[in-house]
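Enquirer: Spelled out, the chains give:
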Amino acid sequence: MEAVVQEQAVEAVARRRPARVSLEAFTFMSPTMLLVTLFFFVPVLLLLWISLTNLSSNTFGNPLCVGGAREVCEALGIRAGGVEFVGLSNYRRLFADRFFPKILRNTLFYVFSTLALFNVGLALVLALLTTHIERRVGFLFRAIWLLPRITPSVIYIMMWKRIAADAPFGILNQFLMPVGVEPRFWLKEAPWLFVIVTNGFVGASFGMLIFSSAIESIPRDYIMAAKVDGATTLQIIRTIIIPLIKWPLLFVTTYQTLSLLASFEYILLLTNGGPGLYRTEVWSLTAYHRALQTYFGNNQWGYGAAWGFVLVVIGIIFSVIYLRVFRFNELVQEPKIDAL
Amino acid sequence: MAVWVETERASGLSRRVRSSLAYVLLVISVVPILVGYAWLLIATFSYRTEGLLPKDAEGNVGGWTLANWAFVTDPLIWRVTLNSLLIALAMVVGVGLASSLAGYALSRMNFAGRRGVLSMTLILHAFPSVTLLISIFFVLQAISALPGIGDIFGYNTVGGVALVMVSLDLPLGIWLMKGFFDNISWDMERAALIDGASRFRVWWEIIMPQIRPGLAALAVFTFLTGWSAYLIPATFTIGTKVSNLPVYINYLMSETSPTNWNQIAAVGLFQMIPILVFFFFTQEKLLNIYSGGTKGGV
Numbered sequence: 001m002e003a004v005v006q007e008q009a010v011e012a013v014a015r016r017r018p019a020r021v022s023l024e025a026f027t028f029m030s031p032t033m034l035l036v037t038l039f040f041f042v043p044v045l046l047l048l049w050i051s052l053t054n055l056s057s058n059t060f061g062n063p064l065c066v067g068g069a070r071e072v073c074e075a076l077g078i079r080a081g082g083v084e085f086v087g088l089s090n091y092r093r094l095f096a097d098r099f100f101p102k103i104l105r106n107t108l109f110y111v112f113s114t115l116a117l118f119n120v121g122l123a124l125v126l127a128l129l130t131t132h133i134e135r136r137v138g139f140l141f142r143a144i145w146l147l148p149r150i151t152p153s154v155i156y157i158m159m160w161k162r163i164a165a166d167a168p169f170g171i172l173n174q175f176l177m178p179v180g181v182e183p184r185f186w187l188k189e190a191p192w193l194f195v196i197v198t199n200g201f202v203g204a205s206f207g208m209l210i211f212s213s214a215i216e217s218i219p220r221d222y223i224m225a226a227k228v229d230g231a232t233t234l235q236i237i238r239t240i241i242i243p244l245i246k247w248p249l250l251f252v253t254t255y256q257t258l259s260l261l262a263s264f265e266y267i268l269l270l271t272n273g274g275p276g277l278y279r280t281e282v283w284s285l286t287a288y289h290r291a292l293q294t295y296f297g298n299n300q301w302g303y304g305a306a307w308g309f310v311l312v313v314i315g316i317i318f319s320v321i322y323l324r325v326f327r328f329n330e331l332v333q334e335p336k337i338d339a340l
Numbered sequence: 001m002a003v004w005v006e007t008e009r010a011s012g013l014s015r016r017v018r019s020s021l022a023y024v025l026l027v028i029s030v031v032p033i034l035v036g037y038a039w040l041l042i043a044t045f046s047y048r049t050e051g052l053l054p055k056d057a058e059g060n061v062g063g064w065t066l067a068n069w070a071f072v073t074d075p076l077i078w079r080v081t082l083n084s085l086l087i088a089l090a091m092v093v094g095v096g097l098a099s100s101l102a103g104y105a106l107s108r109m110n111f112a113g114r115r116g117v118l119s120m121t122l123i124l125h126a127f128p129s130v131t132l133l134i135s136i137f138f139v140l141q142a143i144s145a146l147p148g149i150g151d152i153f154g155y156n157t158v159g160g161v162a163l164v165m166v167s168l169d170l171p172l173g174i175w176l177m178k179g180f181f182d183n184i185s186w187d188m189e190r191a192a193l194i195d196g197a198s199r200f201r202v203w204w205e206i207i208m209p210q211i212r213p214g215l216a217a218l219a220v221f222t223f224l225t226g227w228s229a230y231l232i233p234a235t236f237t238i239g240t241k242v243s244n245l246p247v248y249i250n251y252l253m254s255e256t257s258p259t260n261w262n263q264i265a266a267v268g269l270f271q272m273i274p275i276l277v278f279f280f281f282t283q284e285k286l287l288n289i290y291s292g293g294t295k296g297g298v
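Residue numbers (our numbering), protein chains in the order written: chain W, 1 to 340; chain X, 1 to 298.
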């Protein structure tokens with residue numbers, strides 16, 4: 001009886017609340033909605049739009065002042081410039097670009113070798129090693145591995161430039177000379193090695209942290225039982241640990257694929273796509289170069305946006321896959337407080 | 001205690017061999033990191049360096065000097081430092097405030113579109129926002145055209161850079177904050193609400209004090225992100241008046257010839273000071289947040 005009364009009371013509250021709650025929730029959400037709209041939603045649509053125009057330094061104007069809108073812009077005193085709607089021609093130009101095959105190859109090579117060697121491979125090794133030893137020492141090593149990530153990119157790259165510098169300044173040369181390796185300008189001779197290593201040393205810590213907490217949560221009995229049965233360390237890793245951290249492995253792999261595909265800050269600072277023509281130029285860096293950083297002062301926003309928007313589409317597809325694969329529904333519980 | 005190795009039966013010797021192998025491998029793995037820092041430290045206080053060796057003008061080992069720190073008397077360095085600090089503080093306040101408001105609503109309120117906003121947060125958290133820089137350029141241009149606001153938050157202003165950086169880090173902040181709120185018992189809050197307190201008062205007076213450790217962790221994280229930022233300030237500012245420390249350091253590195261590496265190293269170490277202090281005192285929190293930021297997403 002009491003329960004029924006209470007239930008009715010709760011229902012009454014629930015009936016009364018929605019409108020007020022929505023208004024309150026709206027107030028709480030408004031700063032976020034404003035910023036997310038300005039810097040995520042509008043930019044995604046604007047990027048698509050710009051990629052369909054010929055916007056460049058020569059035609060600079062408001063990208064929205066196209067076609068019939070031009071007169072409106074002129075009436076309002078907004079600079080229209082020579083912006084024209086050009087349909088898919090930026091995309092056609094992209095695929096016909098002389099350097100397209102090279103940039104595509106570079107991108108795939110960069111993403112998958114960094115991923116395999118460092119962001120997943122080394123990350124897993126580090127997680128296994130740091131959970132293998134004394135807990136406090138393992139923690140210390142993980143903390144050291146976090147340093148590249150929190151070091152400002154400019155300073156981090158400065159260190160690597162000195163490591164890979166020409167004789168007599170290069171640190172690597174100094175280390176290799178005693179074992180009889182000729183001094184070299186490593187960054188020029190093996191740019192890919194350093195692009196992958198610099199990114200990998202930052203990227204590995206993410207997987208390392210996630211894998212180590214996953215390994216630490218494996219029940220000890222499983223491993224004990226295997227040991228009692230005489231399993232070797234390798235067997236334990238392969239048949240117990242790896243299958244049990246399958247989800248974190250999958251998560252880090254997909255998440256880091258996307259991060260690597262889109263990020264270019266370290267390459268920009270280290271080689272800026274060189275040495276030479278497009279030696280280490282990757283897709284996202286091409287978008288940036290074309291649109292925002294050109295040597296001749298001719299920013300081709302329209303063409304760069306086409307390169308960028310392809311990545312946006314891939315990014316959206318990946319992000320939606322996370323939601324589906326990583327069981328989003330389980331993460332969204334009903335909020336309790338509104339029931340009072 | 002090691003997590004997954006030792007058993008009562010494992011023989012002492014083979015265990016010791018195996019775990020010392022692990023130590024050796026780990027020590028080798030951190031050599032490049034430590035070498036990089038060693039160079040920074042040595043270069044800062046020496047005339048020039050060859051490899052890790054400090055050299056004086058004649059090429060002899062030695063040449064320790066404080067001359068590289070002469071930059072501290074340059075007013076420009078303090079200007080860019082102030083800009084860096086402003087961006088970092090804007091990140092702390094902006095991300096902290098906006099994401100704790102939104103995180104609270106998502107954790108405690110049932111409103112139309114809640115599920116949508118939550119999945120949006122997750123998607124944006126995974127979404128590579130650097131791909132949007134091209135069009136954000138035009139958004140900032142548009143803000144520049146607004147009277148008053150444009151001078152503070154437009155293109156080529158410290159405020160504009162801060163605004164973009166706050167926005168791009170919001171999804172992570174919201175996701176973390178929602179997690180912190182979810183872990184707090186709602187009894188006190190419920191009592192206050194039944195007594196007629198407003199949601200806003202409950203949020204500010206009852207809930208926020210309870211998540212102070214979480215807020216502190218987020219603050220450290222956002223401060224470091226803002227303080228170290230290179231790409232966004234470099235893309236949306238022109239000239240040294242509005243640039244921050246990393247942009248200025250990169251300018252010194254690429255635009256001066258011959259590059260005075262040792263002086264630049266000193267500026268770099270100068271920038272590293274707050275980072276190393278935070279790192280030293282908050283490692284544990286940082287380790288948690290760098291992986292915890294995704295814990296919700298896993």
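Treat the hints with care, since some could be wrong.
[Said to hold, decoys possible] 25 Å max Cα-Cα, derived SDA-like pairs, lysine to any residue:
(1) 161(W) / 200(X)
(2) 227(W) / 20(X)
(3) 285(X) / 213(W)
(4) 161(W) / 136(W)
(5) 285(X) / 136(W)
(6) 188(W) / 240(X)
(7) 241(X) / 157(X)
(8) 161(W) / 157(X)
(9) 161(W) / 123(X)
(10) 55(X) / 33(X)
(11) 188(W) / 253(X)
(12) 161(W) / 179(X)
(13) 246(W) / 324(W)
(14) 188(W) / 279(X)
(15) 102(W) / 33(X)
(16) 285(X) / 149(W)
(17) 188(W) / 257(X)
(18) 246(W) / 123(X)
(19) 246(W) / 186(W)
(20) 161(W) / 20(X)
(21) 246(W) / 34(X)
(22) 102(W) / 293(W)
(23) 55(X) / 213(W)
(24) 161(W) / 112(X)
(25) 285(X) / 161(W)
(26) 102(W) / 84(W)
(27) 227(W) / 324(W)
(28) 188(W) / 175(W)
Keep in mind that the hints were calculated from the coordinates and are not lab data.
Enquirer: All hints, please: hold or fail.
Expert: Structure-based check of all given hints:
For a cut-off of 25 Å, the pair hint linking residue 161(W) to residue 200(X) is broken: about 51 Å separates their Cα positions. Only pairs whose Cα atoms come within 25 Å are accepted, and residue 227(W) paired with residue 20(X) is accepted, the gap being roughly 19 Å. For the proposed pair residue 285(X) and residue 213(W), the alpha carbon gap of about 14 Å is at most 25 Å, so the pair holds. Proximity of residue 161(W) to residue 136(W) is assessed by CA-CA distance (about 33 Å); at most 25 Å being required, the pair is judged violated.
Straight-line distance between C-alpha atoms of residue 285(X) and residue 136(W) comes to about 15 Å, which keeps the hinted pair within the 25 Å bound. Of the supplied pair hints, the one linking residue 188(W) and residue 240(X) is violated, its CA atoms being roughly 30 Å apart against a limit of 25 Å. Distance check on the hinted pair: residue 241(X) and residue 157(X) sit about 9 Å apart at the alpha-carbon level, within 25 Å; holds. At most 25 Å may separate the alpha-carbon atoms for a hinted pair to count; residue 161(W) and residue 157(X) exceed this at roughly 30 Å.
For the hint linking residue 161(W) to residue 123(X), the alpha-carbon distance of about 35 Å lies beyond 25 Å, and the restraint is violated. Taking the CA atoms of residue 55(X) and residue 33(X), the gap is about 22 Å. The hint holds against a cut of 25 Å. For the suggested pair residue 188(W) and residue 253(X), the alpha carbons sit about 17 Å apart, so the restraint of at most 25 Å is met. Between the alpha carbons of residue 161(W) and residue 179(X) the distance comes to roughly 40 Å, so the proposed pair goes past 25 Å and is violated.
Taking the CA atoms of residue 246(W) and residue 324(W), the gap is near 16 Å; set against the 25 Å cutoff, the hint holds. Simply put, residue 188(W) and residue 279(X) have alpha-carbon atoms about 33 Å apart, too far for the 25 Å limit, and the pair is violated. The suggested pairing of residue 102(W) with residue 33(X) is violated, with an alpha-carbon distance near 31 Å, which exceeds 25 Å. The straight-line distance between the Cα atoms of residue 285(X) and residue 149(W) is roughly 15 Å, inside the 25 Å bound, and the hint therefore holds.
Straight-line distance between C-alpha atoms of residue 188(W) and residue 257(X) comes to about 19 Å, which keeps the hinted pair within the 25 Å bound. Pair hint residue 246(W) plus residue 123(X) holds up; C-alpha atoms about 22 Å apart against a cutoff of 25 Å. Between the alpha carbons of residue 246(W) and residue 186(W) the distance comes to roughly 38 Å, so the proposed pair goes past 25 Å and is violated. Simply put, residue 161(W) and residue 20(X) have alpha-carbon atoms about 32 Å apart, too far for the 25 Å limit, and the pair is violated.
A hinted pair counts as satisfied when its Cα atoms are at most 25 Å apart, and residue 246(W) with residue 34(X) does not qualify at roughly 32 Å. Between residue 102(W) and residue 293(W) the CA atoms are separated by roughly 20 Å; this keeps the pair inside 25 Å, and the hint holds. Between the alpha carbons of residue 55(X) and residue 213(W) the distance comes to roughly 45 Å, so the proposed pair goes past 25 Å and is violated. A distance of roughly 53 Å separates the Cα atoms of residue 161(W) and residue 112(X); the hinted pair therefore is violated under the 25 Å criterion.
Between residue 285(X) and residue 161(W), the direct Cα distance comes to roughly 31 Å. Violation of the 25 Å bound is thereby established for this hinted pair. With a C-alpha separation of about 30 Å, the suggested pair residue 102(W) and residue 84(W) falls outside the 25 Å cut-off, and the hint is violated. Distance restraint check for residue 227(W) and residue 324(W): the Cα-Cα separation of roughly 37 Å exceeds the 25 Å cut-off, and the hinted pair is therefore not satisfied. Using a Cα cut-off of 25 Å, the hinted pair residue 188(W) and residue 175(W) holds, with the two alpha carbons roughly 18 Å apart.
In this structure, the earlier hints numbered 1, 4, 6, 8, 9, 12, 14, 15, 19, 20, 21, 23, 24, 25, 26 and 27 are contradicted, and the remaining ones agree with it.
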